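Residue numbers (the working numbering), protein chains in the order written: chain S, 1235 to 1598; chain V, 1235 to 1598; chain A, 1235 to 1598; chain Z, 1235 to 1598.
In short, the hints are calculated from the structure, not lab data. Everything numeric in this text was worked out from a predicted model, so none of it was measured. Careful: at least some of the hints might be erroneous.
Where chains are identical, the list cannot tell them apart; a pair therefore holds if satisfied intra-copy or between any two copies.
[As the list claims (entries may be wrong)] As a list, the in silico DSS-like pairs of lysine-lysine whose alpha-carbon atoms are at most 25 Å apart: (1) Lys1438 / Lys1397; (2) Lys1438 / Lys1331; (3) Lys1244 / Lys1418; (4) Lys1249 / Lys1418; (5) Lys1558 / Lys1418; (6) Lys1318 / Lys1276; (7) Lys1276 / Lys1520; (8) Lys1318 / Lys1331; (9) Lys1318 / Lys1397; (10) Lys1244 / Lys1558; (11) Lys1241 / Lys1331.
Okay, here's what each chain looks like letter by letter:
Number of protein chains: 4
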Amino acid sequence: MGVVAGKYGKEYYLKMVHEHRFPQELWRELGARSLFGFLVDKELGGYGGGLPEFVEATRMLSYSVATLAYVFVAQNLVSRMVAKNGDSEQLQSLLPKLMVGDIRVAMGLAEDAAGSDALGVSTSAERVPEGYRLTGRKDYVTEAAHVDAIIIVAKTRGDVRAKSLSAFLVPSSHPGLSFTETHKMGLDFLTLYSVGIDATVDSKALLGVEHEAWGYLSETFALDRVALAAMLNGVSARLLEEACGYARMRVVFGRPIGANQGVQFPLARAHTELLASQALVDSVAKQQSTASQSFAADSVAAFYHSAHSAYEAADVALQVKGAKGYIEGFEEACFRDIRYYRIGPLSEELSLATIARRGLHLPS
Amino acid sequence: MGVVAGKYGKEYYLKMVHEHRFPQELWRELGARSLFGFLVDKELGGYGGGLPEFVEATRMLSYSVATLAYVFVAQNLVSRMVAKNGDSEQLQSLLPKLMVGDIRVAMGLAEDAAGSDALGVSTSAERVPEGYRLTGRKDYVTEAAHVDAIIIVAKTRGDVRAKSLSAFLVPSSHPGLSFTETHKMGLDFLTLYSVGIDATVDSKALLGVEHEAWGYLSETFALDRVALAAMLNGVSARLLEEACGYARMRVVFGRPIGANQGVQFPLARAHTELLASQALVDSVAKQQSTASQSFAADSVAAFYHSAHSAYEAADVALQVKGAKGYIEGFEEACFRDIRYYRIGPLSEELSLATIARRGLHLPS
Amino acid sequence: MGVVAGKYGKEYYLKMVHEHRFPQELWRELGARSLFGFLVDKELGGYGGGLPEFVEATRMLSYSVATLAYVFVAQNLVSRMVAKNGDSEQLQSLLPKLMVGDIRVAMGLAEDAAGSDALGVSTSAERVPEGYRLTGRKDYVTEAAHVDAIIIVAKTRGDVRAKSLSAFLVPSSHPGLSFTETHKMGLDFLTLYSVGIDATVDSKALLGVEHEAWGYLSETFALDRVALAAMLNGVSARLLEEACGYARMRVVFGRPIGANQGVQFPLARAHTELLASQALVDSVAKQQSTASQSFAADSVAAFYHSAHSAYEAADVALQVKGAKGYIEGFEEACFRDIRYYRIGPLSEELSLATIARRGLHLPS
Amino acid sequence: MGVVAGKYGKEYYLKMVHEHRFPQELWRELGARSLFGFLVDKELGGYGGGLPEFVEATRMLSYSVATLAYVFVAQNLVSRMVAKNGDSEQLQSLLPKLMVGDIRVAMGLAEDAAGSDALGVSTSAERVPEGYRLTGRKDYVTEAAHVDAIIIVAKTRGDVRAKSLSAFLVPSSHPGLSFTETHKMGLDFLTLYSVGIDATVDSKALLGVEHEAWGYLSETFALDRVALAAMLNGVSARLLEEACGYARMRVVFGRPIGANQGVQFPLARAHTELLASQALVDSVAKQQSTASQSFAADSVAAFYHSAHSAYEAADVALQVKGAKGYIEGFEEACFRDIRYYRIGPLSEELSLATIARRGLHLPS
Ligand SMILES: Cc1cc2nc3c(=O)[nH]c(=O)nc-3n(C[C@H](O)[C@H](O)[C@H](O)COP(=O)(O)OP(=O)(O)OC[C@H]3O[C@@H](n4cnc5c(N)ncnc54)[C@H](O)[C@@H]3O)c2cc1C
Ligand SMILES: Cc1cc2nc3c(=O)[nH]c(=O)nc-3n(C[C@H](O)[C@H](O)[C@H](O)COP(=O)(O)OP(=O)(O)OC[C@H]3O[C@@H](n4cnc5c(N)ncnc54)[C@H](O)[C@@H]3O)c2cc1C
Ligand SMILES: Cc1cc2nc3c(=O)[nH]c(=O)nc-3n(C[C@H](O)[C@H](O)[C@H](O)COP(=O)(O)OP(=O)(O)OC[C@H]3O[C@@H](n4cnc5c(N)ncnc54)[C@H](O)[C@@H]3O)c2cc1C
Ligand SMILES: Cc1cc2nc3c(=O)[nH]c(=O)nc-3n(C[C@H](O)[C@H](O)[C@H](O)COP(=O)(O)OP(=O)(O)OC[C@H]3O[C@@H](n4cnc5c(N)ncnc54)[C@H](O)[C@@H]3O)c2cc1C
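Excised from the complex, chain S in its bound form (with noise of 0.2 Å):
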């Protein structure tokens, strides 16, 4: 990874965000050796690694290039759960194309009418002689047009909300998905589709258990915040260098602004955090169990500080540069992709509803 890291870097992230375009480069660099199967055992070809060193090298690039770390993060989950889920024949055709990036695939959960309640989805899977009709909208797959496949989440029985979920991986060139862009504030460097959904899929297209998808979800969700709040803490090292590397050179008013406490302070306050939010993340990524409630609840606490400490690396780093943080320019497109992170992949108040319930069992 420190070889990535060090090829590709800010100028780099840059040039996304500028050209509107997906990491190609950085996609097949990160292919090529591998690193995909970051999580993946080593038996299944993987590389191994456990969450501390998944936190560790999601950190290392994104400090490097910023939130293009995310498709490190996203693929990297994506194989970890077909590892864990896949049947033999998935595990042997579709494994390794995933650990070397040679199918890319994007995650078709969220539908606009169920928000938050991802248990509510209304995308059903009937069963048919020629496996699954599909039938429903996604309403926010990132990439959804771009990448190679989909995993669609769908319900395959009524009521029982937690054991009603089915997932499958179908290519997103499928006959009977259509797609409609949508522009957003940030991550400019991915798109945003909804997509519709009115597809006959082969069986060999469910992942893991038919209606137990919430399952193994769920604890690739619980993976997913802990590295996500990785990636921020990394985006977040490197704000706060830049902007206290500015602080100390530029002068105004006869002295460099970082000599006043009007700047020192918040950059004190947001190295702080940061602190506290690393060394949250690595005491959960060290937890036994990543099945358990409480590493439901300690994973989302890890992102939420996480998130939160990195919007206000952002804000502060912008800040501290002036009228030229709000010029197009490292701390403008960070800032504008960071606050994604504080409405999904869970909200603010999901997270804080979370951690209270399962945290601290305080009632609903």
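Chain S is fixed; fit chains V, A and Z with the ligands onto it per the hints.
Chains V, A and Z with the ligands alone, transformed into the frame defined by chain S:
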């Protein structure tokens, strides 16, 4: 103003943002009604409005067209400045055109090397037989290449700081001006240019008394703070109204999201802050003298408070809409725009420093 | 009021705090000037002041004697409540004594089991031949054992909530009342009692119409919020003035601490918030109807904002004085006192809930 | 430590607070187990614990007895300082008594006129035939009149600042020391004295090398920050646990208050901050060198963050209990105690300045 505000609304604002273009239609409409002479005395052909009425009119407009109201504020302050400081020829030939918007004016004060220290600018104006020779660079001039004229502030003598600046009204087509565009996070309907200056202008270009520009610029800026505060109040009111409407009808987990205190409380806080901002702006606008130390401090307090409450309103409005808030649209655009007002025209840090020194008489 | 505020100052406040005693001298002084009839109509022998004047008088007093001004606010609202709702006998015999402070009155509403849900109190008043039999317990009655009479709010009928409460004015020496003192963090000049009630009172003790107390109590509470807000404004102004004075003259590391932005900025922020609170209180005080839904919401907003800004002012004032702020004295005492106003008479949480529901019409 | 923490709990803490007395029984218990030699090497008869274990032990204790754990921290750092810097006689005669608590020691550094500028103290120690003549005043010495000895820090030579201080261990009964008590907001179980000094002491009173006290004091203070941070973590954990318990069972408006997000979210935020503080303290405690610049900055960051999260925890715990939180009791006392740690031993402002300069290398 009621009529104009009725005619141009949120959609118009979004159209300008989307198309990255100046609100020409709104401009003409305001000009047609002489609304750019709002603060100019009746004897000089103006509307003769006081600051309290200007505050009210600005709020009404910004409630409809959000930050587009900036163009109303900016030009009115130019008209007023000319009315108060222009010579008789300027009053006769220039002022009437300003008031109907036939001449649109930009402000060229800030220079990168001087930063927030406006008195530290280095663009100079040297007396020459033909008038003045202006040399230097203004790094952040909103709309520079598209307006009719730019007010260029330059040093006309050495180190006396507060008594060393003069302002010149220079046509943007004047030979010797060169323009480089920069892009920025928000305010997409306004362009931003760095203006290279190497030009000789007629003495008639001088606005007010030589060396004395800082006096009337300061007073103008104090009024500007109050008017921008009012503009931000109007945008906030709209943002919160829309957010409450959304919170009332958006159902997730089986009930309106607005029934959750996690949604209610931030809205209630932002609403309370807005009420306080509005009350503060109103009370400051009613002060008699606009040239005193205490008005200077209080106008900054009103601006600082309103920028703060507007940012809070934009943040919570975006948050309440979740993914829809992050998607291109009203909240998303307002959020990007309002972020600017924590940096300029007076940064939070310098706002607080001004309040501390001029309002609280703390030492420097 | 100017005279009283001139006579009793910070030292008097500190003396009361230190000696843990009720401000008897201040009370007599206010009574001697009939200042407890401030809000009572002239026809009834009162001063006939409106809410804006009451706000001004309260601020002037609290600027001098800090939270001692509570006694001025509390008794005035009792006088007003009696003036508006008393029968002719009460107007003639009771009201005059209230206005000069010959009868001091406490409020007995809150019960531990009901908590913030005032309509959920369980103290009951049953009609009996001699009048009413009152049974129950009021857990938090300020000064209960030392006042002349207590307003006891009790259920006179079943479940109609808003139309089930009646208020009785009961002498504190009445048989059947028992008092248990509790100690608290601040407001050392006021005692707090839990009052056991098992007493039969005359029908004349009834205040206003039976079952209808909630109506006039609510209106009284709305006024109370605004007046307490004004009280908190006055205390804040004094705290900040003292803190700025200290910051100007206290020299550490070779220069006044007030020359550091780390000291300046929190003071400037607190000052700005106070200006905003004051402006908000003033604007709410000017509203016409004090019985409307919107006044209810706005009075809570004014109170919430002022409690917040007062707490900020107390915190920064204490902080600026360092060890001297933590040592017994003005900042230390005010800080402990003001903490109360985030809990009562209406907690922050219920303030926000009220603003959200009544002001913003969010669902419950 | 487990045994001690099991024996002395919340009630013991409240008893000490209520009776305003030093926790003599706890002290003896800790001494009896030689727990005041926690950080002293085994060779010198100590327990030989490292900083991570000390952190753990302190947290365990403060979870039980809250801020009383201060006495454990303070004396242990004195023992360690003597162990590291004492001459052989001190190691033999003094150290053993310190470790069992037979000699209790106070710290006399701060002077009012110097304020936060510890190197600016003016108490002087002049060499005289009998040893040293100490003259000056130490304005804030915790427990001065009740301990066995006071470490008096004095200038032994002129202007070299960091190389001009020496420390003397002086019996509090020594002739020439005079004591004046001051009262304060919290920490009721500890007294505070201003100590007048006009005394001649034996050369043996000198601790460590003459002129070089600042070196070992700084290192001691760095450890002190981390240990106090741990103490604050323990108190926070207890406060939040109690608050959650209360929120689960307290019913108002027909349901547990903990079912309201207005109660849940602040608890969840405070809990998350506490997790982060703990992780940060743990990671700082594990650092190798405790004498480096970076440890100095990080120990301050750990302290600052923990004081902040503890204050948040105390504030929310008090708030959740409503009136019961403001009444004398656990939350009320902890809140008053913890407020101190935003002022001393290192104020928030100087903490941030230290982080900015030593951690972020910003200019001064
Ligand atoms: C840029 C972007 C990329 C995305 N990429 C993907 C993707 O690749 N795949 C995918 O499946 N999804 C994706 N999403 C969707 C994302 O996961 C959604 O934002 C998420 O599902 C939330 O839904 P919503 O915005 O409809 O929020 P809503 O549920 O409508 O929430 C609106 C607001 O109400 C609050 N709220 C809701 N319920 C409660 C409650 N009970 N208590 C308190 N507050 C509450 C929320 O916190 C939020 O502030 C993406 C979204 C964005 C913006
Ligand atoms: C979109 C946009 C439009 C603009 N339009 C115009 C225009 O039309 N005309 C025009 O003349 N100018 C314009 N400006 C310039 C604007 O007024 C500048 O932002 C301003 O001059 C500040 O300069 P700076 O960014 O170089 O800040 P700097 O002075 O470099 O400040 C950088 C940071 O340091 C802080 N800082 C500086 N000094 C201190 C101190 N003593 N104490 C504490 N903190 C300090 C600042 O608060 C800021 O956070 C525009 C700027 C932008 C971004
Ligand atoms: C010093 C002092 C003096 C007083 N003097 C008087 C007096 O003279 N007369 C009198 O009648 N009363 C008096 N009171 C009582 C005061 O009015 C009470 O504090 C009030 O009734 C609140 O009740 P509680 O503390 O039981 O709070 P609870 O209702 O138990 O509240 C506990 C916490 O839960 C929160 N909470 C409760 N319900 C909700 C909800 N639905 N949503 C979100 N959060 C919620 C509250 O905000 C609070 O933070 C006094 C109290 C004190 C401390
Ligand atoms: C309860 C208590 C117990 C104590 N126990 C002891 C003890 O046992 N032994 C002992 O030696 N001391 C003790 N102290 C003293 C403590 O260490 C002092 O509080 C400390 O020395 C700070 O001094 P000061 O309060 O005079 O602050 P000042 O230096 O006067 O500071 C006042 C304010 O100005 C701010 N300030 C100062 N300089 C700057 C700057 N350059 N930039 C920004 N802000 C600045 C501070 O942060 C603070 O907010 C105790 C104090 C208290 C309150």
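Each hint, compared with the structure:
1. Lys1438 / Lys1397: within (20 Å within a copy, 66 Å between copies)
2. Lys1438 / Lys1331: within (17 Å within a copy, 74 Å between copies)
3. Lys1244 / Lys1418: Both. Shortest intra-copy (22 Å) and inter-copy (18 Å) distances satisfy the 25 Å Cα cut-off.
4. Lys1249 / Lys1418: Both ways: Lys1249 and Lys1418 sit 18 Å apart in one copy and 15 Å across, limit 25 Å.
5. Lys1558 / Lys1418: Answer is both: 22 Å inside a copy and 9 Å across each meet the 25 Å cutoff.
6. Lys1318 / Lys1276: Within one copy, since 13 Å is at most 25 Å while 50 Å is not.
7. Lys1276 / Lys1520: within (20 Å within a copy, 32 Å between copies)
8. Lys1318 / Lys1331: Answer is within; shortest intra-copy Cα gap is 16 Å, inter-copy 60 Å.
9. Lys1318 / Lys1397: Cα proximity of Lys1318 and Lys1397: one copy only (18 Å, versus 63 Å across).
10. Lys1244 / Lys1558: Classified as within; 16 Å inside a copy, 29 Å across copies.
11. Lys1241 / Lys1331: This pair counts as within: shortest intra-copy Cα distance 24 Å, inter-copy 57 Å.
Going down the numbered hints, you'll see the structure goes against none, and every one checks out.
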